[in-house]
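Use the sequences and the hints to build the structure in full.
From first to last, the protein sequence lines stand for chains A and B. For the first sequence, my numbering begins at 1 and goes up steadily by one. For the second sequence, my numbering begins at 1 and goes up steadily by one.
Hints in this document: simulated from the structure, not taken from any laboratory. Some clues are possibly wrong.
As the list claims (entries may be wrong) - For lysine-lysine, the following DSS-like pairs were computed, each having C-alpha atoms within a straight-line distance of at most 25 Å:
(1) A:Lys402 - A:Lys373
(2) A:Lys402 - B:Lys113
(3) B:Lys83 - A:Lys402
As the list claims (entries may be wrong) - Some chain B residues well away from chain A (every beta-carbon gap over 12 Å; in silico):
(4) Lys4
(5) Arg18
(6) Asp307
Stated by the list, open to error - Listed next, with one range per pair, are the computed distances between beta-carbon atoms:
(7) B:Glu146 - A:Arg202: 44 to 52 Å
(8) B:Asp278 - A:Pro169: 24 to 32 Å
(9) B:Gln289 - A:Ala35: 41 to 49 Å
(10) B:Arg18 - A:Pro169: 33 to 41 Å
(11) B:Ser249 - A:Pro169: 52 to 60 Å
(12) B:Asp11 - A:Val435: 51 to 59 Å
(13) B:Tyr15 - A:Thr144: 40 to 48 Å
(14) B:Thr340 - A:Glu14: 51 to 59 Å
(15) A:Ala427 - B:Thr340: 46 to 54 Å
(16) A:Glu326 - B:Gln289: 34 to 42 Å
Just so you know, even glycine gets a beta-carbon here, dropped at the ideal spot from N, CA and C.
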Amino acid sequence: MAEVRKTSSIKSTETAKEVKTLVRAWYQKGREVKADGGHIAWLMYGAPLDLLLAMDVIAYGAEQYSSACAAKQVALPYCEEADSLGYSQDICGYQRVGMGYEARTRDLGNPPHDAPYHGLPPADMLISRTTCDAGYKWFQALQTHMKVPVFNYDYLLPWPDSGHYIREPDQVQRYIAYYKQTMVDFVSFLETSTGRRLDFDRLREIMKISQETRTLFYKIFQLRKATPCPLPTEDWMTCIFPFFTMTGTAEALGFYRRLYAEVKSKVDNHEGVLPNERIRLMWTGVPPWHNTWIFNDVHKYGAVFAVDYSYPPPPPVELDLTDPLEMLARRAYYAGGHGVTCGWPGPGEDALGPFSGATRPVSVLLDLAKDYKIDGIIMHHIKSCRLCVIGHEHAIRLLRDKYNVPVMQLETDMVDPRSFDQADIAARLESFIEVVQSRKESAAR
Amino acid sequence: MNLKGMALVGDLLAYSGRPVSAVHGEKTIGYWCTLVPVEIVTAANMVPFLIQGSINEPPDAVEGVLTRHMCGWIRSCFDAGMKGKYDFLDGLIVPHACNNMDPMHSMWRRYTKVPWVKLLNTPHVVNPATIAFLRGELEELLSQLERLGGLKVSQATLRQAVKQHNGLRASLRRLSLLKRQHPAPLLGSEMLNVARAARLLPPVHAQELVEQVIEEVKGRIVTQSNAMRRVMVYSMDLDSPELIELIESAGASVVMGYFCPDARSYWRDVPETVDPLDGLVTYYLGTVQCSRLYENALDITSVLVKDLCDQFAVEGCIYPVYRYCDTFESDIPSLNEAVTMSGVPGLVMEMDYSMSNSGAMKTRIEAFIENLRNED
Numbered sequence: 001m002a003e004v005r006k007t008s009s010i011k012s013t014e015t016a017k018e019v020k021t022l023v024r025a026w027y028q029k030g031r032e033v034k035a036d037g038g039h040i041a042w043l044m045y046g047a048p049l050d051l052l053l054a055m056d057v058i059a060y061g062a063e064q065y066s067s068a069c070a071a072k073q074v075a076l077p078y079c080e081e082a083d084s085l086g087y088s089q090d091i092c093g094y095q096r097v098g099m100g101y102e103a104r105t106r107d108l109g110n111p112p113h114d115a116p117y118h119g120l121p122p123a124d125m126l127i128s129r130t131t132c133d134a135g136y137k138w139f140q141a142l143q144t145h146m147k148v149p150v151f152n153y154d155y156l157l158p159w160p161d162s163g164h165y166i167r168e169p170d171q172v173q174r175y176i177a178y179y180k181q182t183m184v185d186f187v188s189f190l191e192t193s194t195g196r197r198l199d200f201d202r203l204r205e206i207m208k209i210s211q212e213t214r215t216l217f218y219k220i221f222q223l224r225k226a227t228p229c230p231l232p233t234e235d236w237m238t239c240i241f242p243f244f245t246m247t248g249t250a251e252a253l254g255f256y257r258r259l260y261a262e263v264k265s266k267v268d269n270h271e272g273v274l275p276n277e278r279i280r281l282m283w284t285g286v287p288p289w290h291n292t293w294i295f296n297d298v299h300k301y302g303a304v305f306a307v308d309y310s311y312p313p314p315p316p317v318e319l320d321l322t323d324p325l326e327m328l329a330r331r332a333y334y335a336g337g338h339g340v341t342c343g344w345p346g347p348g349e350d351a352l353g354p355f356s357g358a359t360r361p362v363s364v365l366l367d368l369a370k371d372y373k374i375d376g377i378i379m380h381h382i383k384s385c386r387l388c389v390i391g392h393e394h395a396i397r398l399l400r401d402k403y404n405v406p407v408m409q410l411e412t413d414m415v416d417p418r419s420f421d422q423a424d425i426a427a428r429l430e431s432f433i434e435v436v437q438s439r440k441e442s443a444a445r
Numbered sequence: 001m002n003l004k005g006m007a008l009v010g011d012l013l014a015y016s017g018r019p020v021s022a023v024h025g026e027k028t029i030g031y032w033c034t035l036v037p038v039e040i041v042t043a044a045n046m047v048p049f050l051i052q053g054s055i056n057e058p059p060d061a062v063e064g065v066l067t068r069h070m071c072g073w074i075r076s077c078f079d080a081g082m083k084g085k086y087d088f089l090d091g092l093i094v095p096h097a098c099n100n101m102d103p104m105h106s107m108w109r110r111y112t113k114v115p116w117v118k119l120l121n122t123p124h125v126v127n128p129a130t131i132a133f134l135r136g137e138l139e140e141l142l143s144q145l146e147r148l149g150g151l152k153v154s155q156a157t158l159r160q161a162v163k164q165h166n167g168l169r170a171s172l173r174r175l176s177l178l179k180r181q182h183p184a185p186l187l188g189s190e191m192l193n194v195a196r197a198a199r200l201l202p203p204v205h206a207q208e209l210v211e212q213v214i215e216e217v218k219g220r221i222v223t224q225s226n227a228m229r230r231v232m233v234y235s236m237d238l239d240s241p242e243l244i245e246l247i248e249s250a251g252a253s254v255v256m257g258y259f260c261p262d263a264r265s266y267w268r269d270v271p272e273t274v275d276p277l278d279g280l281v282t283y284y285l286g287t288v289q290c291s292r293l294y295e296n297a298l299d300i301t302s303v304l305v306k307d308l309c310d311q312f313a314v315e316g317c318i319y320p321v322y323r324y325c326d327t328f329e330s331d332i333p334s335l336n337e338a339v340t341m342s343g344v345p346g347l348v349m350e351m352d353y354s355m356s357n358s359g360a361m362k363t364r365i366e367a368f369i370e371n372l373r374n375e376d
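Written out as structure tokens, the structure reads:
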């Protein structure tokens, strides 16, 4: 009998298995809200969800939907649709899937029959974000077809200036003042689009829930330092969904409370994913959503992806609700608007840039490797994501040659399955793990 | 040696470095992209010096440092930096133009000898908040350059620098407008070389150079085959004349090059305002029409293309797009639409920043030109 090709990961924590139900409920809620005359937004992660929730706008991440298409193995037709529209395969895979999905939905008059969650609820507004080029070029193109208002969240990252992340106080204040004005403009946009006024007391309540959720998200990530690994990458990559889409809701908070309790219990009881954990790996970059089985596949070697450098939560910023918009601005500066560590301080001589994958400081990767007791790093070289890959060669050179850390680069895409050769990747993973194992044994002698 | 006009252009491009750019020992500040306010550099008594790539040179120094899955032009520029070509610079300004360019400020800091590297965080959208933010960025840049040069810059000095650069832009436009003649008295590749060379000199000297070229070109007697077709090249950063030469060798006369550092960088002036920073913010945030600007949507592109085609009697447009240039590659479908809307036949040509595939590229261009001839 031919071996069945596995693509989905298997979760080891019970709470991670709840995500499917949460996601379905969130999409169902959107359809109900839409049917009742409420408002739906499609967005790029980064705009503060707290404000959307306070305005009763249900938001769906465009990137998340593309990753769902990939996970459900239906991204390929959308990629091909994007090809036929003239989009190069070099540009962001999320963007190509999203453009292909929108074009097919427009042609059909409804979402395609196999679209995940019966399709994205139709948008009443679009919220782009400029952190990456795809984040605004994608929505600029959508805008030509979808006649709905657009808010361009020009989230100018506090890039290191003259090599330093930690800026002079007046520089920090200038960024925070800009972010605050952006929040004010965003509120104005939402008020105009929905015909409602923002209730600041409601916003404060949502921000309290959001703060507790962020704190839990951060603390859960810290628990992953434990040996044996209590929450592997295959689980974490699923558990990020409520954070990026629903932070500020009671449902997300409840989910992270349960997840924290389960992971803490595993740590206290020394329960891990594997009965005999021999190798701990780190994953950097967005996963190949069309095949997350590779995270499970290393278990047969006694290896586990104990940590990942894709969505590491930043330390929570102290909550001060005196001026909620000022607070959101400070959070955007110090912790990234949605949890991605944009302004995380700590450059070191190896600093490259503050964003994703290895363009973040190499010193941060080294700290993670030490804190999470990592034996080897696998970097996902996503050909269609400039933010993720520009610094890879540099980072690998330093990690391997200067710091003697085993590193492997996997070159695929996050959603386009055409660049994924499972047999080749499995073989490369096996070889890499042999190297890591050998290095570990040598070090032990 | 006392070269003038096109001869000096050739000499400048063959030998670029501090002795040429800094006439009286001024500091030389490298910059990338039309988004950098060169007026502020000039006002600080420094020479703005355009970083350029080399399409024919293999980027071998960056192997193992920069991925292949990124803009080949930026890779080539950095390759030149790693090879020491820009070691004479006293500083470098890198704008937040796109994700390809963003990490370059850290990379230059680490891998080259350039002692001061500044990131200029340029917004993507135009609104009161971004206007205020960019103004703050420009004030900060000015203040850092003042410290670097030990010189306080007055508003009058900055206004004067704006005037000087507008003067250079006006001269470059005058030269470019000569190509409205039939046949055009200046090759597209020559125009690009003049624009490139002008970015290696202080603006007053650069303007003198361009005026010399204008006089030379006016005196030319040009004959051209009737088979030549008048073509516009619309692109992003295209600093290598080799590609323009290739297009011209395929039977086209490139009468308009709307890309950087050609017409996009001089087609409009910085508004000369009482507070010069007001004009600079207006120009660098909203006037430079680049695909990294959110407002630069399909309708604006097609209006611009149509207007330039009318002015220069363009018969066809060629749109070279570098692979991994996410902003411009994202525009390909809308560019195709702009081509249709403009009514001018167009060829969108995806390419690496390399001439290694020049045979195939030439064949495509020749076929396009042949179609233009057949439409007569």
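Checked hints:
For the proposed pair lysine 402 of chain A and lysine 373 of chain A, the alpha carbon gap of about 18 Å is at most 25 Å, so the pair holds. A hinted pair counts as satisfied when its Cα atoms are at most 25 Å apart, and lysine 402 of chain A with lysine 113 of chain B qualifies at roughly 21 Å. As the CA atoms of lysine 83 of chain B and lysine 402 of chain A are separated by approximately 22 Å, the hinted pair is consistent with the 25 Å bound. Every Cβ of chain A is farther than 12 Å from the Cβ of lysine 4 of chain B; the closest lies at roughly 40 Å, confirming the non-interface assignment.
At roughly 22 Å, the least C-beta separation between arginine 18 of chain B and chain A is larger than 12 Å, which holds for a residue marked as non-interface. In this structure aspartate 307 of chain B is separated from chain A by more than 12 Å, as the shortest Cβ-Cβ distance comes to about 20 Å. Distance hint for glutamate 146 of chain B and arginine 202 of chain A: a CB-CB separation of about 48 Å, consistent with the stated range 44 to 52 Å. Separation of aspartate 278 of chain B from proline 169 of chain A is about 26 Å and conforms to the stated range, judged on CB atoms against 24 to 32 Å.
In this structure the supplied range 41 to 49 Å holds for glutamine 289 of chain B paired with alanine 35 of chain A, their Cβ-Cβ distance being about 42 Å. The beta-carbon spacing between arginine 18 of chain B and proline 169 of chain A, approximately 36 Å, falls within the hinted interval of 33 to 41 Å. For the pair serine 249 of chain B and proline 169 of chain A, the beta carbons lie near 58 Å from each other, so the given range of 52 to 60 Å is met. Between aspartate 11 of chain B and valine 435 of chain A, the C-beta spacing of about 54 Å keeps the proposed range 51 to 59 Å intact.
Restraint check, tyrosine 15 of chain B to threonine 144 of chain A: a C-beta distance of roughly 47 Å satisfies the suggested window 40 to 48 Å. Between threonine 340 of chain B and glutamate 14 of chain A the CB atoms are about 56 Å apart, so this pair conforms to the stated range of 51 to 59 Å. As the Cβ distance of alanine 427 of chain A to threonine 340 of chain B is approximately 47 Å, the hint placing it in 46 to 54 Å holds. Our hint of 34 to 42 Å for glutamate 326 of chain A and glutamine 289 of chain B holds, since their Cβ atoms are close to 35 Å apart.
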